[in-house]
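Keeping the supplied structure of chain A fixed, place chain B upon it in accordance with the hints.
Number of protein chains: 2
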Amino acid sequence: MKEEPQSVRERLIRTTGQLLRSHGYYGTGLDEILKDSDAPKGSLYHYFPGGKRQLASEAVRYMAGRMAKRMVDDLSLTADPIEGLRLFLAGRANDLEASGFKSGCPIATVTLETASEHSDLCGVCSQSFDGLKQILHEHLSRAGFGQERANSLATLFLASWEGALILSRAHRNTKPLDIVAKEICAMIGGILGKGQNV
Amino acid sequence: MKEEPQSVRERLIRTTGQLLRSHGYYGTGLDEILKDSDAPKGSLYHYFPGGKRQLASEAVRYMAGRMAKRMVDDLSLTADPIEGLRLFLAGRANDLEASGFKSGCPIATVTLETASEHSDLCGVCSQSFDGLKQILHEHLSRAGFGQERANSLATLFLASWEGALILSRAHRNTKPLDIVAKEICAMIGGILGKGQNV
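If you're matching them up, the sequences are chains A and B in order. Per the working numbering, the very first residue in the first sequence carries number 45; after that it's consecutive. Per the working numbering, the very first residue in the second sequence carries number 45; after that it's consecutive.
Same shape as in the complex, but just chain A (with noise of 0.2 angstroms):
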């Protein structure tokens, strides 16, 4: 191993993690991880020794966090909390178009193939979706919304851009993502507007 040992194992790691995003887990092989990361077969059990569920389960929180990021960033883009929810989108919505389509959200994949087995792999998918909504929940909290009104809307905002991007990528057009954009920034802004049960 010529490279550095930390920068093989975040090699592994973030190769899992857009593998994931376009094929979920039991679609990636181990040996596609291996030759995309250029690693040596020896290192990812090396470094993993709980195999392949360790390596995801790293990867998964790698790419929540790569996301928590870059939905911190474009939150606070802009002083109107609203346009701000309607920059994340559309900056997700130009990622997707950009990848032609293959880079969805891996821990919406992943949990959808392994919430059946109670495993830790899914339990750290609970955890990133929590990781996005606190965020989501905060940023609404500072528009104006109580803690529980933030959390409801923090759910159905999570969740409408989730199924959009299943769609987007079903239909390979960005139709559904600018449409779900649309209509759940109007609505939001609907309810702030109003003051009414915020």
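No lab work stands behind these hints, which were simulated from the structure alone. It is possible that part of the hints are untrue.
Intra- or inter-copy, both count: the list cannot distinguish identical chains.
[As the list claims (entries may be wrong)] Computed cross-link-like contacts, DSS-like style, restricted to lysine-lysine with a CA-CA straight-line distance of at most 30 angstroms: (1) Lys85 to Lys226; (2) Lys219 to Lys85; (3) Lys113 to Lys219; (4) Lys96 to Lys177; (5) Lys177 to Lys226; (6) Lys238 to Lys226; (7) Lys79 to Lys219; (8) Lys226 to Lys96; (9) Lys219 to Lys177; (10) Lys238 to Lys85; (11) Lys219 to Lys238.
For chain B alone, kept in the frame of chain A given last:
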């Protein structure tokens, strides 16, 4: 083969549909399909010369048809169009909980696994989602929305439901589905009640 040919074929499709719901396309093995279908080894390629991929396409179509029927049935349980939407989501939350959070939406899982491949299988998912959206579109049109808004809100409803299913499976509770049902029905009902921008 003691069974009627048609019956083995149908059993293979139904079993595959259930396995796709729980584990997805790549997480479902041919051995598991044959075992759970109680089907002779040669029967799979006999009825599905295109192998697992053809069988999975038929299974997604079959499950989408079942989901569409349930949607039509639930939406027509009451004369109140918003209450119909609420009943449909409540029914799906009950089903999910009763299955121990195993029975997700096979269209969503297969989409996320295969969207990168430009495959026929993903095309079947795209058509299946369109079929469900069309039912929602017609329901919202009958409720009083114009064509464009009915299309937008049908997309939002479908996306929110699919996303909430993911969150509920990840967390192993129906709260995300319950919250999304409450918020989305209040929002759509609110627009209809105001009679503006419908």
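So, going through the hints one by one against the coordinates:
no.	hint	in the structure
1	Lys85 to Lys226	neither (47 angstroms within a copy, 51 angstroms between copies)
2	Lys219 to Lys85	neither (42 angstroms within a copy, 43 angstroms between copies)
3	Lys113 to Lys219	both (25 angstroms within a copy, 26 angstroms between copies)
4	Lys96 to Lys177	within (27 angstroms within a copy, 37 angstroms between copies)
5	Lys177 to Lys226	both (20 angstroms within a copy, 18 angstroms between copies)
6	Lys238 to Lys226	both (18 angstroms within a copy, 19 angstroms between copies)
7	Lys79 to Lys219	neither (35 angstroms within a copy, 41 angstroms between copies)
8	Lys226 to Lys96	neither (39 angstroms within a copy, 39 angstroms between copies)
9	Lys219 to Lys177	both (24 angstroms within a copy, 13 angstroms between copies)
10	Lys238 to Lys85	neither (60 angstroms within a copy, 63 angstroms between copies)
11	Lys219 to Lys238	both (28 angstroms within a copy, 26 angstroms between copies)
The structure is inconsistent with the numbered hints 1, 2, 7, 8, 10, although it conforms to all the rest.
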